[in-house]
Amino acid sequence: MNKIKYDKTVFVNNFKNIMLSYFDINSETASYRIHPNYDASKGETGEDSVFRMVILSDENIGNKKISFEDAVEILTAFEPHYPTKITITKASEDEEPVFNISCSTRVRKPSAIADMGNGYSPFTAK
Amino acid sequence: MTGSSSEVSKGVAPGSQGSIEQMNAEIQAIANEENLNGRHLIKNKYNDVQLGKEFSFTHKNGRIITKNGIRSANFIIDNSGNLHIGNGHSYLAHGQAVQAAGTIKLGHGGVPRRITNLSGHYQPSAGEMTRYLGKMHKKGLINDNTWVDIYAFDKSKSGYITKVKSTYSGPYKYLKRRIKK
Numbered sequence: 054m055n056k057i058k059y060d061k062t063v064f065v066n067n068f069k070n071i072m073l074s075y076f077d078i079n080s081e082t083a084s085y086r087i088h089p090n091y092d093a094s095k096g097e098t099g100e101d102s103v104f105r106m107v108i109l110s111d112e113n114i115g116n117k118k119i120s121f122e123d124a125v126e127i128l129t130a131f132e133p134h135y136p137t138k139i140t141i142t143k144a145s146e147d148e149e150p151v152f153n154i155s156c157s158t159r160v161r162k163p164s165a166i167a168d169m170g171n172g173y174s175p176f177t178a179k
Numbered sequence: 031m032t033g034s035s036s037e038v039s040k041g042v043a044p045g046s047q048g049s050i051e052q053m054n055a056e057i058q059a060i061a062n063e064e065n066l067n068g069r070h071l072i073k074n075k076y077n078d079v080q081l082g083k084e085f086s087f088t089h090k091n092g093r094i095i096t097k098n099g100i101r102s103a104n105f106i107i108d109n110s111g112n113l114h115i116g117n118g119h120s121y122l123a124h125g126q127a128v129q130a131a132g133t134i135k136l137g138h139g140g141v142p143r144r145i146t147n148l149s150g151h152y153q154p155s156a157g158e159m160t161r162y163l164g165k166m167h168k169k170g171l172i173n174d175n176t177w178v179d180i181y182a183f184d185k186s187k188s189g190y191i192t193k194v195k196s197t198y199s200g201p202y203k204y205l206k207r208r209i210k211k
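Those protein sequences? They're chains X and Z, same order as listed. So the first sequence is numbered by the numbering used here: it starts at 54 and just counts up by one. So the second sequence is numbered by the numbering used here: it starts at 31 and just counts up by one.
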């Protein structure tokens, strides 16, 4: 990613801005379901294994609708390391819009995360 | 933040005196179990064995040198007391209970630089980690200056585990002073 200071504030702003940019929605008014995206063929660090098996476990968040605030805290559990890729898609639109978050189970420092090319790394949207 | 700057520089998390007392109580319970059963084993919290890889290494004069040159890895100490280094804790342990699990970082020449209790499969507690660090120190697998990071989980107001916080971060020599003999 660009050599700017990347911290939790930047991460949260990227989350808010991609929601506004792609879905024209205030991120704090939506709910989210987080789904771990685990690639078993890639090596897993101790942090990765704790992120996958504790933070993103079924017992902790499995298929639950969570608030923007909780989603941020879960995704930044290992700050200053962040998930390498996060993809947001719209799940449904009721009175309360719900979004699915497909989250890589690998967490890395910002300099080791690929630039998504959209200005909102590590977030992409579909 | 509470706690003096000298305490922080010596690895004590601010306001963690209570947690050190809890850790000592846990260590005593583990020691009692070891007196009865010979050893304390940490169970695999999941019923699976992940894909992984084990690295060959040499251990001599307090230095651990992997044959492939990798210096950051997962480790376990199995129920026979043998060290295994590689990727995937449950792979290294064949899914069995272990005496220790976490991550290790080796410096130049194989000097053990940093050790943590991060393992999704085994999730060693602070007491378990501190107990096995003592044994690893005796075996020369870590030294007084090896940096120790002990992690615990924290919850959000909604009750989700959202944080992995360091309850101790500092050289082993300061941690061992806090352990009741």
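Simulated from the structure, these hints should not be mistaken for lab results. There could be a bad hint or two in this list.
[Claimed, not checked] If we take Cβ atoms under 8 Å as the criterion, some of the chain X residues that face chain Z in the derived model are:
| id | residue |
| --- | --- |
| 1 | Leu73 |
| 2 | Asp92 |
| 3 | Ala93 |
| 4 | Ser102 |
| 5 | Val103 |
| 6 | Val107 |
| 7 | Ile108 |
| 8 | Asn113 |
| 9 | Gly115 |
| 10 | Asn116 |
| 11 | Ile127 |
| 12 | Ala130 |
| 13 | Phe131 |
| 14 | Lys162 |
[To be verified] Computed beta-carbon distance windows for the label pairs:
| id | chain 1 | residue 1 | chain 2 | residue 2 | range |
| --- | --- | --- | --- | --- | --- |
| 15 | X | Asn79 | Z | Asn62 | 30 to 40 Å |
| 16 | X | Ser164 | Z | Gly92 | 26 to 36 Å |
| 17 | Z | Asn109 | X | His88 | 51 to 61 Å |
| 18 | Z | Gly125 | X | Gly115 | 40 to 50 Å |
| 19 | Z | Pro201 | X | Ile78 | 15 to 25 Å |
| 20 | Z | Asn91 | X | Gly170 | 30 to 40 Å |
Computed from a prediction, not measured in an experiment: that's the story for all the values here. Here a beta-carbon is modelled for each residue, glycine too, at the ideal position from N, C-alpha and C.
How the hints compare with the structure:
| no. | hint | in the structure |
| --- | --- | --- |
| 1 | Leu73 | violated, 24 Å |
| 2 | Asp92 | violated, 10 Å |
| 3 | Ala93 | holds, 5 Å |
| 4 | Ser102 | holds, 3 Å |
| 5 | Val103 | holds, 5 Å |
| 6 | Val107 | holds, 6 Å |
| 7 | Ile108 | holds, 6 Å |
| 8 | Asn113 | holds, 5 Å |
| 9 | Gly115 | violated, 11 Å |
| 10 | Asn116 | violated, 13 Å |
| 11 | Ile127 | holds, 5 Å |
| 12 | Ala130 | holds, 6 Å |
| 13 | Phe131 | holds, 6 Å |
| 14 | Lys162 | violated, 13 Å |
| 15 | X/Asn79 x Z/Asn62: 30 to 40 Å | violated, 55 Å |
| 16 | X/Ser164 x Z/Gly92: 26 to 36 Å | holds, 32 Å |
| 17 | Z/Asn109 x X/His88: 51 to 61 Å | violated, 35 Å |
| 18 | Z/Gly125 x X/Gly115: 40 to 50 Å | violated, 23 Å |
| 19 | Z/Pro201 x X/Ile78: 15 to 25 Å | violated, 48 Å |
| 20 | Z/Asn91 x X/Gly170: 30 to 40 Å | violated, 49 Å |
In this structure, the hints that do not hold are numbers 1, 2, 9, 10, 14, 15, 17, 18, 19, 20, in rising order.
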